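Enquirer: Take the given structure of chain A and dock chain F to it, following the hints.
Line order of the protein sequences matches chains A and F.
Numbering (our numbering) for the first sequence: 1 to 238.
Numbering (our numbering) for the second sequence: 239 to 468.
The set of hints was computed from the structure by calculation and includes no laboratory data.
Note that the structure is a prediction, hence the values are computed from the model and not measured.
Please note: incorrect hints may appear among the correct ones.
[What the hints assert, rightly or not] Okay, the calculated beta carbon distance ranges per label pair:
no., chain 1, residue 1, chain 2, residue 2, range
1, F, Leu349, A, Pro150, 52 to 62 Å
2, A, Val45, F, Val389, 22 to 32 Å
3, F, Ser437, A, Val45, 25 to 35 Å
4, A, Gln230, F, Val389, 34 to 44 Å
5, A, Arg222, F, Trp431, 36 to 46 Å
6, A, Pro191, F, Trp326, 41 to 51 Å
7, F, Ala306, A, Ile78, 21 to 31 Å
[As the list claims (entries may be wrong)] Restricting the straight-line Cα-Cα distance to at most 16 Å, the calculated cross-link-like pairs of lysine to aspartate or glutamate (EDC-like) are:
no., chain 1, residue 1, chain 2, residue 2
8, F, Lys377, F, Glu344
9, F, Lys405, A, Asp229
10, F, Lys377, F, Asp448
11, A, Lys221, A, Asp96
12, F, Lys405, A, Glu126
13, F, Lys377, F, Asp354
14, A, Lys38, A, Asp229
15, F, Lys377, F, Asp468
16, F, Lys405, A, Asp47
Every residue gets a Cβ at the ideal spot worked out from N, C-alpha and C, and that includes glycine.
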Amino acid sequence: MTDPKLDRRALLRLGLAGGTASLAAACGWDGGNALRPKLMSWSRVNDWVGEKILYSPTRLAREYPTSERATQMPAYMISDTIPTLADPKAWRLRVDGLVQQALSLSLDDLMRLPRATYTVKHHCVEGWSAIATWHGVPVSTIAALCRPFPAARYLDFHSFDADYSNGWDIASAMHSQTLLAYAWNDQPLAPNRGAPLRLYSPTKLGYKMTKWLTSITFTDKRPGGYWEDQGYPWFAGI
Amino acid sequence: MSASAPPAPARPLVRRHHWIVRLTHWATVLLLAGMITSGLQIYEGYARFGDRGSAAYLNPLEGTQFPATVRLGGWLAGALNWHFALMWPLVAFGLLYMGYLAASGEWRSLLFRPSDVPGAIQMMKYYLHLRKDHPPQGKHNPLQKLAYSSVVVLGVLAVLSGLSIYKPTQLGWLTALFGGFQLARYWHFWIVWAFVAFSIVHVILVFVVDPASLRAMLSGWYRGRFPSHD
Numbered sequence: 001m002t003d004p005k006l007d008r009r010a011l012l013r014l015g016l017a018g019g020t021a022s023l024a025a026a027c028g029w030d031g032g033n034a035l036r037p038k039l040m041s042w043s044r045v046n047d048w049v050g051e052k053i054l055y056s057p058t059r060l061a062r063e064y065p066t067s068e069r070a071t072q073m074p075a076y077m078i079s080d081t082i083p084t085l086a087d088p089k090a091w092r093l094r095v096d097g098l099v100q101q102a103l104s105l106s107l108d109d110l111m112r113l114p115r116a117t118y119t120v121k122h123h124c125v126e127g128w129s130a131i132a133t134w135h136g137v138p139v140s141t142i143a144a145l146c147r148p149f150p151a152a153r154y155l156d157f158h159s160f161d162a163d164y165s166n167g168w169d170i171a172s173a174m175h176s177q178t179l180l181a182y183a184w185n186d187q188p189l190a191p192n193r194g195a196p197l198r199l200y201s202p203t204k205l206g207y208k209m210t211k212w213l214t215s216i217t218f219t220d221k222r223p224g225g226y227w228e229d230q231g232y233p234w235f236a237g238i
Numbered sequence: 239m240s241a242s243a244p245p246a247p248a249r250p251l252v253r254r255h256h257w258i259v260r261l262t263h264w265a266t267v268l269l270l271a272g273m274i275t276s277g278l279q280i281y282e283g284y285a286r287f288g289d290r291g292s293a294a295y296l297n298p299l300e301g302t303q304f305p306a307t308v309r310l311g312g313w314l315a316g317a318l319n320w321h322f323a324l325m326w327p328l329v330a331f332g333l334l335y336m337g338y339l340a341a342s343g344e345w346r347s348l349l350f351r352p353s354d355v356p357g358a359i360q361m362m363k364y365y366l367h368l369r370k371d372h373p374p375q376g377k378h379n380p381l382q383k384l385a386y387s388s389v390v391v392l393g394v395l396a397v398l399s400g401l402s403i404y405k406p407t408q409l410g411w412l413t414a415l416f417g418g419f420q421l422a423r424y425w426h427f428w429i430v431w432a433f434v435a436f437s438i439v440h441v442i443l444v445f446v447v448d449p450a451s452l453r454a455m456l457s458g459w460y461r462g463r464f465p466s467h468d
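This is chain A alone, in the form it adopts within the complex (with noise of 0.2 Å):
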């Protein structure tokens, strides 16, 4: 331990890693092939923790008063342009999978089911927030209609927003505050935010809020989405 050169080799390595990682960090590198899915992997053990350790349940996302809402929030699509229907009157969301009695629902139909409204602050994964009011239907309310089948322990929301899509931990999508949203800020919903019919919860990050839904499917396998696929983190909770 006292001989110098000792000190001096471990110097070196030091040196070795210590330029190793500057240089890393200097190309922009972001692990490479070989790194990104352990990433990706290591990503899942957060979404554990996330999910197991500190999501509750019961606990409520804090609600603002109306005079707080942003002047402006930000909206974005995958597709080239703002997705829109051809025929409105014939949308349906089609609700199927592990339940006792598959639904196609009509906006007319969810608009008679009771309605929830709270004003809540969004947060982005880039880092913006936005206190926004948003009124719609309880998934759990249409999980009540539809009797989800034991086994089924996710939920896949699927859009016409070109192939957009998010898979939600059952726990997440039965949260009273997790809405299918028709109005934003005492407005029908605009087509930029996902008309007629968008998935909405201040418990978890904007990409997982599903805009211009189609179809909810209660699944026994996690559904991936269109950002998790690519490395976004999949549960995303807050």
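Expert: Positioned in the frame of chain A, the structure of chain F alone reads:
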């Protein structure tokens, strides 16, 4: 440079740093580098602080895109995965370090106390060339104690503010303590620059004042000008 190099005559080699201190020190260097570089990539997603539609908090780096050389992850998702993977070992090494300090009693030679204030002023005078001789000290001088105590507090704040951004609903009470989601982001971001400032000053002082301490942090053995025990 008034700091005199340590005189040549043979001083005894003394044991200065336990292996846990050395391990956690160098692990933190690498992990913090990864956290900061992935964090700068994440910052690019929304390079300002404040709710949409509200005034932004004062930030000279608003809208800054950092050069690719200091960003890790390639894009937002890649950077998030790095950030959320490295946070585990960073916290683990931090806890190991603090556990060691507590168990060994070494915290006594590191903790800055009110009684260290006069000594800190003397050290400041020495660094500002207002005093010629280096004030006598134990293992660490009062300014070092201030720096090493502060950096531990900084680390704890970095982790807590990070958690409050990570889970602003589930850990809403913590987010509220930092003043809300956007202010928590703000503190999390500025703590980075405090770390960077600490690191720059720390490395400069090691080479200017006590180069032997670098070897001590590598091998554990020290043959320098300062005592290794209080």
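Enquirer: Does each hint fit the structure? Answer for all of them.
Expert: Each hint tested on the structure:
For Leu349 (chain F) and Pro150 (chain A), the Cβ-Cβ distance of about 55 Å falls inside the hinted range of 52 to 62 Å, so the restraint holds. Separation of Val45 (chain A) from Val389 (chain F) is about 28 Å and conforms to the stated range, judged on CB atoms against 22 to 32 Å. The hinted window of 25 to 35 Å between Ser437 (chain F) and Val45 (chain A) holds, with their beta carbons roughly 29 Å apart. Taking the beta carbon of each, Gln230 (chain A) and Val389 (chain F) are about 37 Å apart, inside 34 to 44 Å as hinted.
Restraint check, Arg222 (chain A) to Trp431 (chain F): a C-beta distance of roughly 40 Å satisfies the suggested window 36 to 46 Å. For the pair Pro191 (chain A) and Trp326 (chain F), the beta carbons lie near 42 Å from each other, so the given range of 41 to 51 Å is met. In this structure the supplied range 21 to 31 Å holds for Ala306 (chain F) paired with Ile78 (chain A), their Cβ-Cβ distance being about 26 Å. With a CA separation close to 10 Å, the supplied pair Lys377 (chain F) and Glu344 (chain F) stays within the 16 Å bound.
Only pairs whose Cα atoms come within 16 Å are accepted, and Lys405 (chain F) paired with Asp229 (chain A) is rejected, the gap being roughly 22 Å. Taking the CA atoms of Lys377 (chain F) and Asp448 (chain F), the gap is about 12 Å. The hint holds against a cut of 16 Å. With a C-alpha separation of about 14 Å, the suggested pairing of Lys221 (chain A) with Asp96 (chain A) holds against the 16 Å cut-off. A hinted pair counts as satisfied when its Cα atoms are at most 16 Å apart, and Lys405 (chain F) with Glu126 (chain A) qualifies at roughly 14 Å.
Between Lys377 (chain F) and Asp354 (chain F), the direct Cα distance comes to roughly 13 Å. Compliance with the 16 Å bound is thereby established for this hinted pair. Taking the CA atoms of Lys38 (chain A) and Asp229 (chain A), the gap is near 14 Å; set against the 16 Å cutoff, the hint holds. Annotation: proposed proximity of Lys377 (chain F) to Asp468 (chain F) holds, straight-line Cα distance about 5 Å (limit 16 Å). A hinted pair counts as satisfied when its Cα atoms are at most 16 Å apart, and Lys405 (chain F) with Asp47 (chain A) qualifies at roughly 12 Å.
Hint compliance for this structure: hint 9 alone is broken.
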